[in-house]
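For the sequence shown, my numbering assigns the number 1 to the initial residue and increments by one for each residue that follows.
Since the hints were derived computationally from the structure, they do not count as laboratory data. Even glycine gets a Cβ: it sits at the ideal position worked out from N, Cα and C. Hints should not be assumed to be uniformly reliable.
[Unchecked claim] In silico lysine to aspartate or glutamate, EDC-like type, Cα no more than 20 Å apart, as pairs:
| id | residue 1 | residue 2 |
| --- | --- | --- |
| 1 | K212 | E225 |
| 2 | K228 | D69 |
| 3 | K212 | D182 |
| 4 | K178 | D162 |
| 5 | K80 | E101 |
| 6 | K212 | D183 |
| 7 | K80 | D114 |
| 8 | K178 | D199 |
[Unchecked claim] DEER-style ranges, computed between Cβ atoms:
| id | residue 1 | residue 2 | range |
| --- | --- | --- | --- |
| 9 | G129 | Y25 | 30 to 36 Å |
| 10 | G129 | V75 | 33 to 39 Å |
| 11 | F184 | S102 | 28 to 34 Å |
| 12 | A3 | Q197 | 17 to 23 Å |
| 13 | A132 | W168 | 44 to 50 Å |
| 14 | K228 | P161 | 26 to 32 Å |
| 15 | A33 | A3 | 18 to 24 Å |
| 16 | T76 | A164 | 18 to 24 Å |
| 17 | P161 | P6 | 16 to 22 Å |
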Amino acid sequence: ALARDPHNAQAWLTTATLDMVQGRYAAAADDCAKVSRYGGSVTGIACAGNLHTYTGQARQAIVLLRQIDADVPAVTPAFKAWVQGLMAEACERLGDWSEAESHYRNALAATPNDNFLQVAYADFLLDRGRPAEVLPLLARSLQSDTAYLRVALAHAALGMPDTANYTWIMAARFEALKQRGDDFYGREQVRFALYLQHDPGTALELALQNWKVQRAPWDARVLLEAAKAAGRPAAA
């Protein structure tokens, strides 16, 4: 896309996101500068704010993102949801759980059927020890493999008798993805192996493979969790 149109702001924004999740922060900063140049300062600031949450500058990110949210009211619901979701993640980095939840709810109010936001909020609920709330949140999203995994994790956390069925179906879904050559769910496979199959050795192998491709905060987290569970902390 950029070869055809070097001024394509959406392509630069996508490239920035890819650089962030692979840990290439200097490249992501250059990408965000191009987003601002070709797509306007508002989108550029949002891009930069997102990058700040990856580099230990979550408080600065929140200041930038709040400025956008307050100063630019006439934005699309999708853009508002994106900014609110970024603020939720920044608050999570800081351990500000009440603010994070408020931003997640605001984001979902703007785009209630956004699978990425639903799953991110489900992870928040699982982390806060509230698995029962995950089930109604994702009840209509079970066609999504990422959502289905969170439902399975919630059933396991609640000690529900049908957890084995959810685990079996999730295993079949991962096998189907593998047969299609779809290998983009590394961190989900780690969590599945660790918390549903209770196989920390396999989870660690998967986490190390995933780390070669994706290095976002969640990828670091599952690698650390798997290494600890496998009794091999030095692997992380």
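Outcome of the hint check:
{"no.": "1", "hint": "K212 - E225", "in the structure": "holds (17 Å)"}
{"no.": "2", "hint": "K228 - D69", "in the structure": "violated (39 Å)"}
{"no.": "3", "hint": "K212 - D182", "in the structure": "holds (16 Å)"}
{"no.": "4", "hint": "K178 - D162", "in the structure": "violated (25 Å)"}
{"no.": "5", "hint": "K80 - E101", "in the structure": "holds (16 Å)"}
{"no.": "6", "hint": "K212 - D183", "in the structure": "holds (13 Å)"}
{"no.": "7", "hint": "K80 - D114", "in the structure": "holds (12 Å)"}
{"no.": "8", "hint": "K178 - D199", "in the structure": "holds (19 Å)"}
{"no.": "9", "hint": "G129 - Y25: 30 to 36 Å", "in the structure": "holds (32 Å)"}
{"no.": "10", "hint": "G129 - V75: 33 to 39 Å", "in the structure": "holds (34 Å)"}
{"no.": "11", "hint": "F184 - S102: 28 to 34 Å", "in the structure": "holds (30 Å)"}
{"no.": "12", "hint": "A3 - Q197: 17 to 23 Å", "in the structure": "violated (43 Å)"}
{"no.": "13", "hint": "A132 - W168: 44 to 50 Å", "in the structure": "violated (22 Å)"}
{"no.": "14", "hint": "K228 - P161: 26 to 32 Å", "in the structure": "holds (29 Å)"}
{"no.": "15", "hint": "A33 - A3: 18 to 24 Å", "in the structure": "holds (19 Å)"}
{"no.": "16", "hint": "T76 - A164: 18 to 24 Å", "in the structure": "violated (43 Å)"}
{"no.": "17", "hint": "P161 - P6: 16 to 22 Å", "in the structure": "violated (57 Å)"}
Hints 2, 4, 12, 13, 16 and 17 from the earlier list are contradicted by this structure; the remaining hints agree with it.
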